[in-house]
Amino acid sequence: PPAWGRAARQPPGLLRLPGLPLTPCRAFSNNKILVELDESSGIATMKLKSPPVNSLSLDLLTEFCISLEKLENDRACRGVILTSAVPKIFSSGLDITEMCGKSTEHYAEFWRAVQETWLRLYGSNMVTVAVVNGSSPAGGCLLALSCDYRIMVDNPKFSIGLNEAQLGIVAPFWFKDTFVNIVGHRVAECSLQLGSLYPAPEAHKIGLVDELVPEEKLQEKAAAVMAQWLALPDHARQLTKSMMKKAVMDRLVAHREEDVQNFISFISKESIQKSLRMYMEMLKKKK
Amino acid sequence: PPAWGRAARQPPGLLRLPGLPLTPCRAFSNNKILVELDESSGIATMKLKSPPVNSLSLDLLTEFCISLEKLENDRACRGVILTSAVPKIFSSGLDITEMCGKSTEHYAEFWRAVQETWLRLYGSNMVTVAVVNGSSPAGGCLLALSCDYRIMVDNPKFSIGLNEAQLGIVAPFWFKDTFVNIVGHRVAECSLQLGSLYPAPEAHKIGLVDELVPEEKLQEKAAAVMAQWLALPDHARQLTKSMMKKAVMDRLVAHREEDVQNFISFISKESIQKSLRMYMEMLKKKK
Amino acid sequence: PPAWGRAARQPPGLLRLPGLPLTPCRAFSNNKILVELDESSGIATMKLKSPPVNSLSLDLLTEFCISLEKLENDRACRGVILTSAVPKIFSSGLDITEMCGKSTEHYAEFWRAVQETWLRLYGSNMVTVAVVNGSSPAGGCLLALSCDYRIMVDNPKFSIGLNEAQLGIVAPFWFKDTFVNIVGHRVAECSLQLGSLYPAPEAHKIGLVDELVPEEKLQEKAAAVMAQWLALPDHARQLTKSMMKKAVMDRLVAHREEDVQNFISFISKESIQKSLRMYMEMLKKKK
Chain A
1 PPAWGRAARQ PPGLLRLPGL PLTPCRAFSN NKILVELDES SGIATMKLKS PPVNSLSLDL
61 LTEFCISLEK LENDRACRGV ILTSAVPKIF SSGLDITEMC GKSTEHYAEF WRAVQETWLR
121 LYGSNMVTVA VVNGSSPAGG CLLALSCDYR IMVDNPKFSI GLNEAQLGIV APFWFKDTFV
181 NIVGHRVAEC SLQLGSLYPA PEAHKIGLVD ELVPEEKLQE KAAAVMAQWL ALPDHARQLT
241 KSMMKKAVMD RLVAHREEDV QNFISFISKE SIQKSLRMYM EMLKKKK
Chain B
1 PPAWGRAARQ PPGLLRLPGL PLTPCRAFSN NKILVELDES SGIATMKLKS PPVNSLSLDL
61 LTEFCISLEK LENDRACRGV ILTSAVPKIF SSGLDITEMC GKSTEHYAEF WRAVQETWLR
121 LYGSNMVTVA VVNGSSPAGG CLLALSCDYR IMVDNPKFSI GLNEAQLGIV APFWFKDTFV
181 NIVGHRVAEC SLQLGSLYPA PEAHKIGLVD ELVPEEKLQE KAAAVMAQWL ALPDHARQLT
241 KSMMKKAVMD RLVAHREEDV QNFISFISKE SIQKSLRMYM EMLKKKK
Chain C
1 PPAWGRAARQ PPGLLRLPGL PLTPCRAFSN NKILVELDES SGIATMKLKS PPVNSLSLDL
61 LTEFCISLEK LENDRACRGV ILTSAVPKIF SSGLDITEMC GKSTEHYAEF WRAVQETWLR
121 LYGSNMVTVA VVNGSSPAGG CLLALSCDYR IMVDNPKFSI GLNEAQLGIV APFWFKDTFV
181 NIVGHRVAEC SLQLGSLYPA PEAHKIGLVD ELVPEEKLQE KAAAVMAQWL ALPDHARQLT
241 KSMMKKAVMD RLVAHREEDV QNFISFISKE SIQKSLRMYM EMLKKKK
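Those protein sequences? They're chains A, B and C, same order as listed.
In case it helps, UniProt numbering puts the first sequence at residues 1 to 287.
In case it helps, UniProt numbering puts the second sequence at residues 1 to 287.
In case it helps, UniProt numbering puts the third sequence at residues 1 to 287.
Treat the hints loosely; a few may be bogus.
[Unchecked claim] With a cut-off of at most 30 Å between alpha-carbon atoms, the simulated DSSO-like pairs for lysine-lysine come out as follows:
#, chain 1, residue 1, chain 2, residue 2
1, B, 245, C, 245
2, A, 245, C, 205
3, B, 47, A, 269
4, C, 47, B, 205
5, A, 205, A, 269
6, A, 245, C, 269
7, B, 274, C, 245
8, C, 246, A, 245
9, A, 205, B, 217
10, B, 205, C, 217
11, C, 221, C, 205
12, B, 221, B, 246
13, B, 205, C, 221
14, A, 70, A, 286
15, C, 205, A, 246
16, A, 102, A, 286
17, C, 157, C, 205
18, A, 245, B, 245
19, A, 217, C, 274
20, C, 49, C, 70
21, A, 157, B, 205
22, A, 157, A, 286
23, A, 245, C, 274
24, C, 217, A, 245
Simulated from the structure, these hints should not be mistaken for lab results.
Excised from the complex, chain A in its bound form (with noise of 0.2 Å):
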């Protein structure tokens, strides 16, 4: 199982995760994520560039997946940078055009490429920092709590978060459990009723990132959070971050079917279906 390849000494107490197969391979535009790999630091760059919003659309999350295994089987290759290149937004979240209107089969294929993601990013044998450089609501707050550190830029005036009840939508169980380890069960209880998006300095407060940083400092500051993690003996933390995410993991490996078949008929709902049209006409608008 490539994902987990790497970590070849089995830690006592832990079991090793099963594979995690790509969903079957499809053409996909190779052009939304910039990957740059230093072979000197072992670290390499991931941005997100597509514009205007760095939407998690299918194609995108396909082409992450890809290039994140592509990284994670590179034995050059020991930590990501995640980040945009897009100015003022890390990512939108996911793309509400894949979820309206389509076909029940567009929609699983959409979902199992949402959940993919998570695990993959999630359970990285890598150190993944998140540079946070611009507004992050919902699946893009999903991408940043998905990797081990995250860094904010120090303006208000982005902000990131789980919103989604704000939407009319529930954030599935494994957002809200990769959510709960980060902030705790009362905040993130409060934070997902209300659909609650922070400007950094409140995100920072409550630990949903780990450092605020001026934007002209940000590359600096992920090399040398990366510096620090990337100081342990690789196979160590390896086992070390598996098993603190594998319980989470796990509960979405038992039940991703599940899961698939939650989403679609949940997404499938005339009042779900009509809110989210409202939501992208308010959106057109707004430009």
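Since chain A is already given, all that's left is putting chains B and C on it; use the hints.
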């Protein structure tokens, strides 16, 4: 199942809770709780009015469940403010006279009413805000903990906490689970073992209450909090709430009868009966 | 089952832990731990006295378990203060010589003693207070984490933490569970992956220790904390403690032999043996 009837839309990954049937209808004095529903705002106020200290007797709990169910089934009602009509006390907790020198059948009936109260309040589809306008030990604290949000009067004379251990008794596991989800494991561990009661400012510091407000501003603040929570679409908020509360509720639902039997065998011990009699004597002398 | 024998009264919702049998009696040097019991207060002091650094050898752990069991069964004893008789060090953790170049049988015996120590200390019916009067890495930190309360000397020269990852090894899941219950999931996640050691003031900030006290006040403070915890009725405090610790203990009890086998296969790897030998060489040169 009435309590969950409004959550008609199934969320991804959520199971519907089984119906929580009321204990068979019994005669009860309908005057321990004042219920007022403001139809224009959709907000009801439930005021505990059982002087001198709002003890949670079987009568009060039965009335509580029935009142709450009526509101739950009333489409005009979307939120409930829970507070006290008795000065200086929110609720002194479970009525010790119900646990002292009574029959096994009585203990069982009483404990089922305690369980039912928690299941209905904690699992309510409505937004629930506790306005803790006086002291709130033990079962009184549990009532507050079971709401979505807690506002307490900013006065160090009033305290709140799960102080059961001080009385020689043990908070049941679902009191503990509710508490841990709010203050975290470490604070709960110390607090439950020491039977700590926290003056309002300290309760706020550990997150046991969410806000402190001067007495004359309690109503205004409760209305503001309610407005914030009711601004969300009901169905998304309800499904999210259910996702957050589900694990803890399921645990009691799965062990409900066992929990009743444990309560009976614990409370029937002569040593425990003796402690409770001594405690009641002490309370009488205090007056 | 001796360790839990005093909790004669079953709490609501609690199961009795299975007896935790000592490993078959073996010869051991009875001089690595000083035990003094003050019968008037009911408080015993256990001082680790195994210079130069209180390494947790098989002999020390065996003596620890036997000493603790004696106190557990002594009705005159209600609380234990755990501290060090060696200046500047609480305990340096598991003795690496026990894990290096030994037989499979030896590794198994050693690991069972480590498990036994944790199960007995974490699950003790007595009030346990760690007085961390020096540095306390890895297994030394676990000893402190397994007590009800931690007081540390207020000196940034001394540090504490689960730094296993720095040595290329992995803290077992029950070290992790114990840690998470004290500092929360997010802090534990970073801390274990980075193998962080916290100077006393930082350890206090993240809740890893409960109080910082100048060296000359350690005893006085320990007595005060003990008095506060012993003021509660034993049976209620014990049942509450058991309720809080149970889930984590049950997990090891259910997987105990598997955990031994995992330890053996991990520690027997040539790569791990090599790391440990290099680490020991480095320690020797340091002297």
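- [ ] Compare the structure with the hints numbered earlier in the document and write down the numbers of the violated ones, lowest to highest.
- [x] 3, 4, 5, 14, 19 and 24
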